[in-house]
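Work out the full structure, taking the sequences as your base and the hints as a guide.
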Amino acid sequence: MREEIIVRVGAKVLAPFIIMFALYVHFHGDYSPGGGFQAGVILAAAFALLALVYGLEEVQRVLPPWFVRGCAALGVVIFAGVGVVTMLLGHNYLAYNALAPDPTHPEHGQHYGILLVELGVLVTVFGVMATVFYLFAGRKGQAS
Amino acid sequence: MAEHYPALQVVVPLLAAPLCLFVRNGRAAWGLAVLASWTALGISLMLLSRVMSSGVISYALGGWAPPIGIEYRVDVVNAWVLVIVSTIGALVAPYALTSVEREIGARRIPLFYAAYLLCLSGLLGITITGDVFNVFVFLEISSLSAYALIALGQDRRALTSAFRYLVAGSVGATFIVIGIGLLYSMTGSLNMADLAQLLPGVWESRTVKVAYGFLAVGFCLKLALFPLHLWLPNAYTYAPSPVTAFMASTATKVAVYMLLRFFLTVFGAAFSFDVMALDRVLLPLALVAVVSMSLVAIFQVNVKRLLAYSSVAQIGYMILGLSFATVTGLTATLLHLFNHALMKGALFMAMGCVMYRVGSVHIDAMAGLGRRMPATMAAFVAGGLSLVGVPLTVGFVSKWYLILGALERGWWPVAVLVLIASLMALVYIWRVVEVAYFREFTGDQQTREAPWTLLWPTWALVALNLYFGIAAERTAGIARQAAEVLMTGIGQ
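Those protein sequences? They're chains S and G, same order as listed.
Under numbering that gives the first Met the number 0, the first residue of the first sequence is numbered 0, with each subsequent residue one higher.
Under numbering that gives the first Met the number 0, the first residue of the second sequence is numbered 0, with each subsequent residue one higher.
Since the hints were made in silico from the structure, they are not lab data.
There may be inaccurate statements among the hints.
Claimed, not checked - From chain S, some residues computed to sit far from chain G (all C-beta separations above 10 Å):
hint, residue
1, Asp29
2, Val75
3, His110
Unchecked claim - What the simulated footprint calls covered on chain S by chain G, stretch by stretch (three residues with Cβ under 8 Å from a Cβ of chain G suffice, anywhere in the stretch; the number is not a length):
hint, stretch
4, 59-72
5, 77-87
6, 91-102
Claimed, not checked - Per the computed footprint, the stretches of chain G lying under chain S, defined by three or more beta-carbons under 8 Å from a beta-carbon of chain S, are:
hint, stretch
7, 13-21
8, 55-61
Glycine included, every Cβ here is placed at the ideal spot set by N, Cα and C.
Printed below as a string of structure tokens:
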């Protein structure tokens, strides 16, 4: 596919919009369908598309395998870390009310809390999806 | 701080797991794992003492009060199981250092500790949570990491046995989630205490009975009750030594806990024993497991596999205690959860020492090891005596209560079968002892005693075997209290 000019240009044009859509799905996740999991899959799909068209090596120059593996672990730290922060603020584990900037409106904390936790989900799902893709795409076939 | 212990019990190992991947150094990851598992042990001991002194602890995750939110609910039963799991975790983690450096490639060591900590936090999570769907989530965390841990074994057969475990475990987990889904459809609640209140109203519906059936099969797969144990022997045989010691002492115990928690707390003892006849279904299976698996163990030539079959038989004892449907029987079950973890942990750790020095756990490889590795084989003998049920070891205490429970029901043939199975345990342990002490050493002349880093966790478990074999009233008291909580149900 590396010689197909339409595919190459098409993939290049689409990729940023796919990434934008991933972020849209993430930030709308708390009051419409979507969320971190879907966003992470879509984000990884953007890079999978680029890898299919431009080759795995090109994509791994931007996103090295150690980086996506780190993402898989980082997301768990973000998710669990939000809980630890609320605990340090004197609330129960993952009680988002603690995150409200204005203590008279604790419900705003729910909004921030969900976004942060879902960000953790996004990062982990992206990391795992990209790692799985790298592992399958990087396999040297025995037949060929 | 103290009010957050229920959350920290799970969060500490859960947060330490990804950090292991960031340090990217085997020793540093090991340090984290040891720190996290000892912290978990400290927390579980404090939870147990608080529950014993001041009753049930309820923790609302996210500040959402139960039954809407996820509740972590600690009573004597799960505080007890938490102590079992975290004790084994705290001893396996330091043991792993030397063993893992020999058995697993250096690049994978941080991954090993990450998976180990995830498995530990999953098992602790299943135990502590008061929410049935949360049980499923933690079950998946612990199972997925367990498959990865088993697949890290040196032998290539580790891969196929991990895959077989994956298939069996996934079927089990699916059955469990189907059961939970059916319960939710009938009651609209996922909180255990709330379900216990709502279920008596819908007892008669077929959906609840079907849910019960799905859950029963799922749990029995997970706890490897005969005839659903087929995944277990290979998984334990080919896993790395510390993984076998950890899994054999914790994973099936937590599955037994799940069964007790669902069937006695959520459904209630009355529904389980009077309507569903759980005791009459489990009794024959438990007896067959005890006798047939002890018999199979006698004919094994790989000592890890021998111990694995013995584990299936020991699980039979635990289920046998439940099938008596009395407080004494349940006391025996809960005691044996702890006692079997101690003895099998010690035995598998001793096998890990042999693996480290000799590179094989085939019975012929043990010839003459009694003189070459005296401390290791002495630990094996002590663990073996406990497994047989010799007085002054924990094994005796469990068997005592089990036979007491059988005689209380007037089932003396069951008591006789338990004694026969104990003699069979003596036979398979004796086979190893005979080879190790009465045959000439034929292996490499360089073979020495295992390093102290492997020996001290092994001997710590042996010491616990003896200590709680003598000071049995402590553990038996807690187990009896837990059995009474389970039998009376949550409402009273």
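- If any of the earlier hints don't hold here, list their numbers in rising order. 2
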